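2 protein chains.
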Amino acid sequence: MILIGVDLGGTNIKSVLLGDDGRVLQQASLPSHAEGGPRAVIEQVHRSIETLLADGGVDRARVEGIGVGVPGSIDFTRGLVLHPPNLPGWEEVPLESHLRARWGVAVAVDNDANCAALGEAHHGAGRGIAHFIGVTLGTGVGSGIILNGRIWHGQHGYGGELGHTSIDLNGPECGCGGSGCVEAYIGNRFMIARALPVIAHHPDSALYRQATRDPASLTPRDIAEAAAAGDALAHEILFDAGSMLGAAIASAANLLDITTFIIGGGVAAAGKPLFDGIISSANRRVLKVHRGTLSILPAALGNDAGMLGAASLLG
Amino acid sequence: MILIGVDLGGTNIKSVLLGDDGRVLQQASLPSHAEGGPRAVIEQVHRSIETLLADGGVDRARVEGIGVGVPGSIDFTRGLVLHPPNLPGWEEVPLESHLRARWGVAVAVDNDANCAALGEAHHGAGRGIAHFIGVTLGTGVGSGIILNGRIWHGQHGYGGELGHTSIDLNGPECGCGGSGCVEAYIGNRFMIARALPVIAHHPDSALYRQATRDPASLTPRDIAEAAAAGDALAHEILFDAGSMLGAAIASAANLLDITTFIIGGGVAAAGKPLFDGIISSANRRVLKVHRGTLSILPAALGNDAGMLGAASLLG
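Chains as they are written, first to last, in my numbering: chain X, 10 to 324; chain D, 10 to 324.
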């Protein structure tokens, strides 16, 4: 059985051809052409699939299914992608039926964070783990819940929003309208907004020059690099971000008795200080029965998690 | 099929005999004799069952199973009740095998909050609802998660602790060792401790005399009664408690896309102000997709939920 996984992002479309044994036969990456609206983007998805098949020398008749991860919510009942924020012009797009009409095979569409979690479950850090929550740190704090090896969608298909766990009911307003969501502390933009005034008080930090002269250019990656180079303040900022995620993780672990969390995305590459912050905070906050049993793992697949998980939607 | 459900509490053992159609054939309530340790309590459980059968005129050969809810955690792998805080002397008690040995039928033991949720699922406010979280307000904030009509136990059997969702990572210390757990605001003792200084500043409140002259006697029930009689401050205290529970509920709804919450227990009887607080807070905090879809229902079974759910463990 040959399966195709597509990770449809706001900038690029990453896709993969998976063979019988789950082996990667071919990969492709094309620009999304998001500015062209749904029609242009869907055309690029078709082109990605054609590219995969041509480059992999695989006849399309051998393809049994196409899975797609999209950066938005899905209406599973009506088979619609619902206004993904990074795909302009998409309101309610029947992506599934577009692809089925064009390729004549089974098609499944799911949220990108769910696909990333499923990718880790089948091919990455989550192999052999029945229940876990996969967290992707980036602009937002995406997450997907795997229960009994499958994506938990919840009642309407919107399940998995660990990023919108409030860690302070009177905390800062989040983009979602809630207060104190963990995303409102550690989503890229929020993390930088919190870090800048702190850095401005530390002329000894390697980040000081950039943060005071060109604050708009500062990214979590800069902080991660400074921390890796030994900057104490950068280390503290990441540890602090980890502590906040740890608070949300502790509440989720208490609620669900899920004790494995797989952390990926840009900031997660920061590594040790972030993970140290998560682990110490979560272990301190969690119920006694869970203390010391938490397993906070780095994601293993990087940016490939989404397309691999998308292919696994049909597995 | 006749089933027996037993709700083993620190003070009383409530039990029920359920007929083929789930109809209640007989009920009993006996003191737990908790001060006598496990042996005395287990003897009372046996006596409860004997009483049910005798009073119901049912031959023990017709009983197909016994379910028991206990106020503590369960080690399902080893079949042990683990140190329930309100049953002195219980460390690790193989209650299941004691009952199986004595009665020769299928026995299932689960946590009391899980049983209460399952009781509401089969016989109460949760009938026909696939996924919900049942919350029992009392000394603690107990809860049980029903997914696809069944109790969600999680990885180790400790799932369902909504009361230990932190709503403020820097909030007051909870009995569990965590910070800002919703239980640390609205568990009976905590609610009273928060209310007393507020009441002391409101000589116009109906609660003022009791709170200043005999503070140790003030209970959530007193507050509920004052609110029902029109006391504005009592109303505010309950609304505020509801708001806090609403914050934890919003995070759980975002995480799981579960939008039904069934609220029972002593304080829940306070009714409107508490529910108004929950509903307005949760709807304000939840992701846009869930706003207006939340269903916050009063539990329907009162103190009977536990024993009815216990019987349903084998259903």
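Simulated from the structure, these hints should not be mistaken for laboratory data. Remember, it's a predicted structure, so these values are computed and weren't measured experimentally. Hints may be right or wrong, so weigh each one.
Identical chains blur together in the list; that is why a pair holds if it fits in one copy or across any two.
Derived lysine to aspartate or glutamate pairs resembling EDC-like cross-links, with alpha carbons at most 16 Å apart [as the list claims (entries may be wrong)]: (1) Lys281 <-> Asp29; (2) Lys297 <-> Asp285; (3) Lys281 <-> Asp84; (4) Lys297 <-> Asp68; (5) Lys297 <-> Asp84; (6) Lys297 <-> Asp240; (7) Lys297 <-> Asp213; (8) Lys281 <-> Asp313; (9) Lys297 <-> Asp29; (10) Lys281 <-> Asp249; (11) Lys297 <-> Asp64; (12) Lys297 <-> Glu182.
> For Lys297 vs Asp29, is the C-alpha pair at or below 16 Å within one copy, between two copies, both, or neither?
Replying inline: neither (44 Å within a copy, 41 Å between copies)
> Under a CA distance limit of 16 Å, which applies to Lys281 and Asp249: within one copy, between copies, both, or neither?
Replying inline: within (12 Å within a copy, 40 Å between copies)
> How would you classify Lys281 and Asp313 at a CA-CA limit of 16 Å: within, between, both, or neither?
Replying inline: Neither: 22 Å inside a copy, 50 Å across copies.
> Given a CA cutoff of 16 Å, do Lys297 and Asp285 count as a within-copy pair, a between-copy pair, both, or neither?
Replying inline: neither (19 Å within a copy, 33 Å between copies)
> What label fits Lys297 with Asp68 when the C-alpha limit is 16 Å: within, between, both, or neither?
Replying inline: neither (56 Å within a copy, 44 Å between copies)
> Is it within, between, both, or neither for Lys297 and Glu182, if the alpha carbons may be no more than 16 Å apart?
Replying inline: Only across copies: Lys297 and Glu182 sit 14 Å apart there, 31 Å inside one copy, limit 16 Å.
> From the Cα coordinates, with 16 Å as the cut-off, is the pair Lys297 and Asp240 best called within, between, both, or neither?
Replying inline: neither (34 Å within a copy, 40 Å between copies)
> Between copies, within a copy, both or neither: which fits Lys297 and Asp213 at Cα up to 16 Å?
Replying inline: Answer is neither: 40 Å inside a copy and 43 Å across each miss the 16 Å cutoff.
>> Treating 16 Å as the Cα threshold, decide for Lys297 and Asp84: within, between, both or neither.
In response: The answer is between: 14 Å across copies meets 16 Å, while 39 Å in one copy does not.
>> At most 16 Å between CA atoms: does that hold for Lys281 and Asp29 within a copy, between copies, both, or neither?
In response: neither (37 Å within a copy, 58 Å between copies)
>> With identical chains, the pair Lys297 and Asp64 could be close in the same copy or across copies; at 16 Å between alpha carbons, which is it: within, between, both, or neither?
In response: neither (54 Å within a copy, 43 Å between copies)
> Are the CA atoms of Lys281 and Asp84 at most 16 Å apart within a copy, between copies, both, or neither?
Replying inline: neither (38 Å within a copy, 34 Å between copies)
The structure is inconsistent with the numbered hints 1, 2, 3, 4, 6, 7, 8, 9, 11, although it conforms to all the rest.
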